[in-house]
Amino acid sequence: MTEKDKLRLFDLALAREIIRMDRDELLQFVFSREEQLKAMSPRRSVFIYSGDRPPKRTTEMVFDQFFNEDPAEVRQMLIQDLCYPNEPCEIDYYARCGYLDHPSSVYVDRESDSGAISSLDMLPQSDDPDACYWTGRFDVLDRDHIAIMSASLKKNRDKLPAEEYAAQLLTLRSMEKTLESNPDLRAAYIFN
752 MTEKDKLRLF
762 DLALAREIIR
772 MDRDELLQFV
782 FSREEQLKAM
792 SPRRSVFIYS
802 GDRPPKRTTE
812 MVFDQFFNED
822 PAEVRQMLIQ
832 DLCYPNEPCE
842 IDYYARCGYL
852 DHPSSVYVDR
862 ESDSGAISSL
872 DMLPQSDDPD
882 ACYWTGRFDV
892 LDRDHIAIMS
902 ASLKKNRDKL
912 PAEEYAAQLL
922 TLRSMEKTLE
932 SNPDLRAAYI
942 FN
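Read in my numbering, the sequence shown has 810 at position 59, and its numbers run on one by one without any break.
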């Protein structure tokens, strides 16, 4: 079975804040979120559980090790850990086509406040060739993009089993409402 593209909430405001921080601000930020990071499971936290290191390393030692090797990677790891408030949900073919077949998926802008933004343009580029494995490539979408996906799904309702259609539509509508109520959030369309 082929893995599907995924959709999840993304805190664009926090990601931009992390990208703009200098070394000292970033370390203070890590300290302010230390309990949140440590509470994450190894599967969920990239920053705390990355690399081979003794289990008793302090957060500052981890930060220094990574920041000295590749500051962009530290930012990518923190964005991965802290900017996704929900788990990813798989996107059905017909919902996916709503975005991918729409003209807005062709043009993405690095600093756009509306419209799609590519992670390739937004995230700092790491020297680590494996960094894209755990960050993945994604587009940052707004509520209107999710509405386009919902409309595409509705248009193709007869091509899906009723339960699958209802579950996918509920997911998309819920995401639309969340994005409408919180201007800092966007949706990350994560390409397989």
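Since the hints were derived computationally from the structure, they do not count as laboratory data.
Fair warning: there could be bad hints in the mix.
Dumping the calculated DSSO-like pairs for lysine-lysine here, alpha-carbon to alpha-carbon at most 30 angstroms [claimed, not checked]:
#	residue 1	residue 2
1	789	757
2	906	757
3	928	906
4	905	757
Take the C-alpha atoms of residue 789 and residue 757, compute the straight-line distance between them, and say whether it is at most 30 angstroms.
Roughly 26 angstroms separates the two Cα atoms, so the pair holds.
Holds or violated: residue 906 with residue 757, Cα cutoff 30 angstroms?
holds (20 angstroms)
Hinted pair, alpha-carbon criterion (30 angstroms max): residue 905, residue 757. Please report holds or violated.
It holds: about 19 angstroms lies between the C-alpha atoms, which stays within 30 angstroms.
Restraint status (C-alpha distance of residue 928 to residue 906 at most 30 angstroms)
Between residue 928 and residue 906 the Cα gap is close to 20 angstroms, so the pair holds against 30 angstroms.
The earlier numbered hints are all upheld by this structure, with none contradicted.
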